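S.K.: Protein chains in written order, with our numbering: chain A, 7 to 364; chain B, 7 to 364.
Hints were generated in silico from the structure; no laboratory data involved. None of these values were measured; they are calculated from a predicted model. In this text, a Cβ means the ideal position worked out from N, Cα and C, and glycines have one as well. Some clues are possibly wrong.
[Said to hold, decoys possible] Covered stretches of chain A (chain B as the covering partner; in silico rule of three or more C-beta atoms under 8 Å from a C-beta of chain B):
#	stretch
1	20-29
2	95-107
3	156-163
4	238-247
5	300-308
[To be verified] Here are the simulated lysine to any residue pairs, SDA-like style, with alpha carbons at most 25 Å apart:
#	chain 1	residue 1	chain 2	residue 2
6	A	K303	B	K302
7	B	K303	B	L42
8	B	K303	A	I305
9	B	K246	A	Q358
10	B	K185	B	K302
11	B	K185	A	L276
12	A	K303	B	R299
[Said to hold, decoys possible] From the derived model, a few chain A residues whose C-beta atoms are all more than 10 Å from chain B:
#	residue
13	Y65
14	H76
15	N83
16	K185
17	E200
18	I231
19	K264
20	A331
21	S361
2 protein chains.
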Amino acid sequence: MCITIALDAMGGDFGPPVTVEGANLAIDLLKKSSTLGGVRVEFLFFGQKERIEVELGKYPKLAEISKVFHTDFIVTNEMKPIEALRHRGDSNLGMAIQSVADKKADAVVSAANTGAYIALSKVILETFHLIDRPAIPAIMPNANGRSIVLDLGANLECSVERLTQFALMGEALARVLLKKNSPSVGLLNVGSEEMKGHAIVQATGQILHLIDEKTQKYSKKEDGIRFHFHGFVEGDDIFKGVTDVVVTDGFSGNIALKAIEGAIWFFFKLLRDTMRDSIIWRIASVGVLPVLRSIKKTIDPRLYNGAVFLGLNKIAVKSHGGADAFAFAQAIKVAAQMVQSDFIEDVEKRLQLLSEIQ
Amino acid sequence: MCITIALDAMGGDFGPPVTVEGANLAIDLLKKSSTLGGVRVEFLFFGQKERIEVELGKYPKLAEISKVFHTDFIVTNEMKPIEALRHRGDSNLGMAIQSVADKKADAVVSAANTGAYIALSKVILETFHLIDRPAIPAIMPNANGRSIVLDLGANLECSVERLTQFALMGEALARVLLKKNSPSVGLLNVGSEEMKGHAIVQATGQILHLIDEKTQKYSKKEDGIRFHFHGFVEGDDIFKGVTDVVVTDGFSGNIALKAIEGAIWFFFKLLRDTMRDSIIWRIASVGVLPVLRSIKKTIDPRLYNGAVFLGLNKIAVKSHGGADAFAFAQAIKVAAQMVQSDFIEDVEKRLQLLSEIQ
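For reference, chain A alone in the conformation it holds in the complex:
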């Protein structure tokens, strides 16, 4: 099997030096993966040819499996979606996405600005029936491993139907990226008791319970679509790893994730300040620093880079704009895992099931 991945070479804060090195790192990353080890990979780079080729010159092995497609029109970090849409045909990002629509590539990876990327991928690639706008999931560390939290900001106000779609798509994603057979799904709420929350979260909970019931007959089948709804979860359950998937609207999801980022930043700041204030603690820090380094490794956001746009029936992966080559390689790995999985068919089956229930 051969996987072709379209890369927006120019996106993000650094452009070709990071995206090209990232692709080079990804070659090894895929080789080491238990499921992707035997897979051949090819890259299509989109952007300013000269700048890309200078970087490719540093990695002869990568250059062998890469093609470069030139354009001078670059989607910038500040560009409004409407402006990016005007250049869907001749921009780095538009062309990269188009190559997936044209079946010249199996997936696209870009670190471009989220608004432009979502808008272009929605217009160029098809969305699933009933899905208006893709959702953005995050992969996060927790006490039991990793979990998927969605949505992260693309859908600020969510109907019952939309939250239900998030739950089904998030569950399908967890099967691929967390490698779980029957991932558990929680709906984020202000309490775990049945009567908690506003009308939309209440109604969504009831539908998810219904889907859980209806799919219990599939529990024995390996390829079944058994959906395991845990019920409501609270903000602190994200890190406790109570469920594999945590579903919420884009407003709460964005605020919760950024609040968590802030808490971690604050904690490291307190540690630094405390240690700086005392000679004894400065000496002790010889012992503290390796502990902190080990923790930073566990929560290193680079490890969790690569958000799959959920709702498209093709694979588009968003890398963080500030990603370095190591982080960008992780996003490429996510794209490869998605291509090799039955994700698209899985989501279709699930959404079909939903329309049958309603």
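Let chain A serve as the given structure and place chain B on it in line with the hints.
M.R.: Just chain B, lined up with the frame of chain A:
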């Protein structure tokens, strides 16, 4: 000046052993306070007389300034608001709140369950004109000191008007508890740019900007009502201390605060696990532990205990149900600070201003 504080002796997880010891600790706490040092304080305890008096027997000084009012009907942690309302006249909590309505006490402090406490205080005490339901604020540590975040779950879905009221009341609270002359207010959103967010947060932002403009003439007056709106803030700005007050709806606020709790829990768990896994790190932990203890002191939730119900025109303070005596004493201190301030008049002025603008 003498302040009388009504205490629900039975509320919370522990009852009289904690609430009575807490009151005793509060005596010293108030004495040490720069603003409350000269103030005489009296306590009215409500609950099972025998159990309260056993505890009071341990603190003769406290017993001298305390009166006990007996009742056998106790509002439990599990009790539904509707059940508590049936016993507004003869329950520990109902009687304690009633003593404030009857001007026998200046404020009430209770660790009873939030639903029952909110319901009873709304019915027994008056709410301000236009306020439907009190909001619950949290005091939090941040990189610059402390901030006030509201709402924490009492109001899940918020209209523009309600969010605006939260902003005005939160600002008035920050003047008292954070001792700031002109606290800055931020509205929690998914981005800090003007065009971000859904319709309600957008419209609220516009009204708060308008109030900021209209009150600029007050900026020179010490007792003015200059309202300083910073604009939108994001989740990570809470800990960065970008503003003194952070306003959001109860759904997002609850989720964000619990997500932060979870992040801090996870961080300490990673530290413990990492140190346990290595002998070298166990030795180093001799140095790490005092650093961690110092950090725990900064973020000790007991220091931030005492949530003032916002929207009542009397002072009612909610202590955490799991509070120990030290934490309960903090909630009593908050009540005393509120009584001594011009908070009620301040909020009235602000809400008046709001109805003039509209």
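S.K.: Does each hint fit the structure? Answer for all of them.
M.R.: We went through each hint and held it up to the structure:
no. : hint              : verdict
1   : 20-29             : violated (count 0)
2   : 95-107            : violated (count 0)
3   : 156-163           : holds (count 3)
4   : 238-247           : holds (count 7)
5   : 300-308           : holds (count 4)
6   : A/K303 <-> B/K302 : holds, 23 Å
7   : B/K303 <-> B/L42  : holds, 24 Å
8   : B/K303 <-> A/I305 : holds, 24 Å
9   : B/K246 <-> A/Q358 : violated, 45 Å
10  : B/K185 <-> B/K302 : holds, 24 Å
11  : B/K185 <-> A/L276 : holds, 23 Å
12  : A/K303 <-> B/R299 : holds, 23 Å
13  : Y65               : holds, 35 Å
14  : H76               : holds, 33 Å
15  : N83               : holds, 13 Å
16  : K185              : holds, 22 Å
17  : E200              : holds, 14 Å
18  : I231              : holds, 29 Å
19  : K264              : violated, 3 Å
20  : A331              : holds, 25 Å
21  : S361              : holds, 27 Å
When held up to the earlier numbered hints, the structure conflicts with 1, 2, 9, 19 and fits the remainder.
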